[in-house]
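Dock chain U against chain R, hints included.
Number of protein chains: 2
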Amino acid sequence: MSALLTSPDRPGDASVESPAPAAGETPLSVVQTATLFDRRPLRTEGGDELGPVTVAYQTHGTLNAAKDNAVFVCHALTGDAHLAGRLSPDDRKPGWWDGFVGPGALSPDTQSAADQQDAGPGLDTDRHFVICANVLGGCSGTTGPGSLRPGTDGPPSNRWGLEFPFVTLGDIVEVHAELVREVFGIERLKAVIGGSLGGMQALEWAVRFPDRVAASIAIASAASLGAQGIGFNAVGRRAILTDPHFRGGEYHAAVERGEPGPDAGLALARMLAHITYLSEANIARKFGRRLQRPSREPGAGPDGFQHDISKEVQFQIESYLDYQGRRFTQRFDANSLLYLTRAMDHFDLARGRGSLSEALGRATARFLILSYTTDWLFPTAGSRDVVRALLAAGGDVTFAELDSPYGHDAFLIEEELPRLGRIVNAFLG
Amino acid sequence: MSALLTSPDRPGDASVESPAPAAGETPLSVVQTATLFDRRPLRTEGGDELGPVTVAYQTHGTLNAAKDNAVFVCHALTGDAHLAGRLSPDDRKPGWWDGFVGPGALSPDTQSAADQQDAGPGLDTDRHFVICANVLGGCSGTTGPGSLRPGTDGPPSNRWGLEFPFVTLGDIVEVHAELVREVFGIERLKAVIGGSLGGMQALEWAVRFPDRVAASIAIASAASLGAQGIGFNAVGRRAILTDPHFRGGEYHAAVERGEPGPDAGLALARMLAHITYLSEANIARKFGRRLQRPSREPGAGPDGFQHDISKEVQFQIESYLDYQGRRFTQRFDANSLLYLTRAMDHFDLARGRGSLSEALGRATARFLILSYTTDWLFPTAGSRDVVRALLAAGGDVTFAELDSPYGHDAFLIEEELPRLGRIVNAFLG
Chain R
1 MSALLTSPDR
11 PGDASVESPA
21 PAAGETPLSV
31 VQTATLFDRR
41 PLRTEGGDEL
51 GPVTVAYQTH
61 GTLNAAKDNA
71 VFVCHALTGD
81 AHLAGRLSPD
91 DRKPGWWDGF
101 VGPGALSPDT
111 QSAADQQDAG
121 PGLDTDRHFV
131 ICANVLGGCS
141 GTTGPGSLRP
151 GTDGPPSNRW
161 GLEFPFVTLG
171 DIVEVHAELV
181 REVFGIERLK
191 AVIGGSLGGM
201 QALEWAVRFP
211 DRVAASIAIA
221 SAASLGAQGI
231 GFNAVGRRAI
241 LTDPHFRGGE
251 YHAAVERGEP
261 GPDAGLALAR
271 MLAHITYLSE
281 ANIARKFGRR
291 LQRPSREPGA
301 GPDGFQHDIS
311 KEVQFQIESY
321 LDYQGRRFTQ
331 RFDANSLLYL
341 TRAMDHFDLA
351 RGRGSLSEAL
361 GRATARFLIL
371 SYTTDWLFPT
381 AGSRDVVRAL
391 LAAGGDVTFA
401 ELDSPYGHDA
411 FLIEEELPRL
421 GRIVNAFLG
Chain U
1 MSALLTSPDR
11 PGDASVESPA
21 PAAGETPLSV
31 VQTATLFDRR
41 PLRTEGGDEL
51 GPVTVAYQTH
61 GTLNAAKDNA
71 VFVCHALTGD
81 AHLAGRLSPD
91 DRKPGWWDGF
101 VGPGALSPDT
111 QSAADQQDAG
121 PGLDTDRHFV
131 ICANVLGGCS
141 GTTGPGSLRP
151 GTDGPPSNRW
161 GLEFPFVTLG
171 DIVEVHAELV
181 REVFGIERLK
191 AVIGGSLGGM
201 QALEWAVRFP
211 DRVAASIAIA
221 SAASLGAQGI
231 GFNAVGRRAI
241 LTDPHFRGGE
251 YHAAVERGEP
261 GPDAGLALAR
271 MLAHITYLSE
281 ANIARKFGRR
291 LQRPSREPGA
301 GPDGFQHDIS
311 KEVQFQIESY
321 LDYQGRRFTQ
331 RFDANSLLYL
341 TRAMDHFDLA
351 RGRGSLSEAL
361 GRATARFLIL
371 SYTTDWLFPT
381 AGSRDVVRAL
391 LAAGGDVTFA
401 ELDSPYGHDA
411 FLIEEELPRL
421 GRIVNAFLG
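As they're listed, the protein sequences go chains R and U. The numbering of the first sequence is this note's numbering, which starts it at 1 and goes up by one. The numbering of the second sequence is this note's numbering, which starts it at 1 and goes up by one.
No wet-lab data here; the hints were simulated from the structure. A hint or two may mislead.
Pairs count within a copy or across copies, as identical chains cannot be separated in the list.
[As the list claims (entries may be wrong)] Here are the computed lysine to aspartate or glutamate pairs in the DMTMM-like style, where the Cα-Cα straight-line distance is at most 20 Å: (1) Lys311 with Glu163; (2) Lys286 with Asp48; (3) Lys67 with Glu259; (4) Lys93 with Glu414; (5) Lys311 with Asp48; (6) Lys286 with Asp348; (7) Lys311 with Glu250; (8) Lys67 with Glu178; (9) Lys190 with Asp308; (10) Lys311 with Asp38; (11) Lys311 with Glu415.
The shape of chain R in the complex, shown without the other chains (with noise of 0.2 Å):
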């Protein structure tokens, strides 16, 4: 990962604010790291304890005096705690809502109705403190499958592997809502947004701690996940398992003395979830049946496809893949996808809480529940079943169903971010 991990920083109560860029520079955005469950563990929901727990997470704007207006942003399954900006002068790219946070709406008041339509990004960080941390289980700066594991320093391996315990949603929601009051002394959130993982999560939040959190946004998402979805998980968990270099989890040690990974594992698991992220219209647009390159080599045919059953690469949409699969596993880690696609699995926002209504009812926040056209991994469906059941129990639930091209990732393309902002600023208001 690319994430700037910088020493535990714990101001307490004191407000937090992103470091003032120097004259002439461009700002940057920095990932800090605080250290939780220090004097007492977290009991997870699995019954295992765990502490203390490391939480990369980052910040952009100013908590107010107040402390009511925070916003904490939950990332999906493969994102992390840098949310906008760049972490160095020479960092590649900035965070994954960049275009959705940072500063620069004007003031309602200044402006046109015709301006306010493209004014700004959809968190403003000249009003909103938006808070973004690395999920428990993760691989980005919070504390994982691997991580160092306390009490061990010697070989074959002093990290967790699949030592480290099972974690749910709810324990991910645990950690941040410490972070939240202990960091920062924020009793209540102006809202809670995410997208697909990050949805649940804030769906999450909103019914597992009722008086903190004022309003939760949950982007192409559900209160639970279906069987076709837990089956794509469960191939992709099944090729990291099977890749001999996976070793049980235990590669951490292998891939220190400069062996390999599990990362063919990981790529093939990154290359069918990529599949299921893009929507079938898009992705014939984009690719269709376009050769990555007709080719004259020896093996080609006279048609100029490759004809060398070997070679994998040999259609635009496999080079596609084949990219992002590589490139996946530069910065994920194989446990943490198995730790948390479970964690994707096994949630379900009605168990123990009676019905999904009854789970919902406990909430006393306002509720905006997106979907997309497009998304078939989170059809509108699921969206509409929270929408069903929040009104069910005379909740207070906005929901839209957005035209878009671009399947499930539509949350993440810049070019639906301002259609994306308009709607979130108008709803925090």
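Relative to chain R, chain U alone:
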């Protein structure tokens, strides 16, 4: 494969019958083989020469004297020649389209309209002579990458492996056309019918041999595969190619020595493919989020689910996919899956024939195009493209989108066969 392969049988122009059952016995079906391209080799579309070619086939019913009652059935990606009936008294299952092919339809003259609605199988073997043959590149009796390579007889392998020529659907159809003419002396088929990859072959038959096909029936099919389908195939191939036991396709000798083959990769490819064959709604109904077995084993949490991350099968859908994957490795060859998915990827009915409409304009057949509402691998849009191209070419086409919960697999599901049978019966007249 359980297919019973008898010695090559070349009755030439003689009419061929299914063997008559002994008194009191259930008639058994047989898979026969023919040797083709022994005088001159097959020249593949890729420019290779291959011969002789063994073809495994099965027939049901009796070829009439005019030889105008033959229907050729094209099987799908992993199907085989074993179309209907049991190969032995203890055969666990009948052929793959047993409920669609068989004797028993009453004459339309002797029954009421209401009776006709429920009458008989789709392909009535009292009237039709039905032929089904395993595809070139397959692994169920027809020459493929697992076949013995002529002129080789020593280690490391005397099987083709990845040295087998690249195969197209055009090549597959050429071989079957040779079978139909050389073995049975049939000049013109009453119909060619198939689903999925079989439907692609049915279209290719009608375009490649305009004078030899009177009717073409393509079910749950398309004139080419889209980017999403190519992507899924690519992920499945990747699983095989990266399996350490794949050995560059040279695993046959190792397997014969009792060492493992690329079963893990092959099973993974099947698990993924199987998800794409089912509709989301149907697996939601069939499996939902039910756990395989609320566990009280060590590692199980208070909610009964298994917290051991390395335990692959937790939900019922995972158990089902695991079973499908393992079962598949017992009947299918990894190299064949590589060749046949590549044939599917590269199939494009229009290529080299101007437009799709110009391609289909070559055909003289009547067409029946059928799709299923919940088929998302070969969605109705692909069938509509074929229908539109046929209409533009002045073709004779009947089209129906059938409402079904079963997704792409619908044409194989027993419950769907009576309706499919009525439609095909009515079309064939």
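Violations among the numbered hints: Violated: hints 2, 3, 9, 10 and 11.
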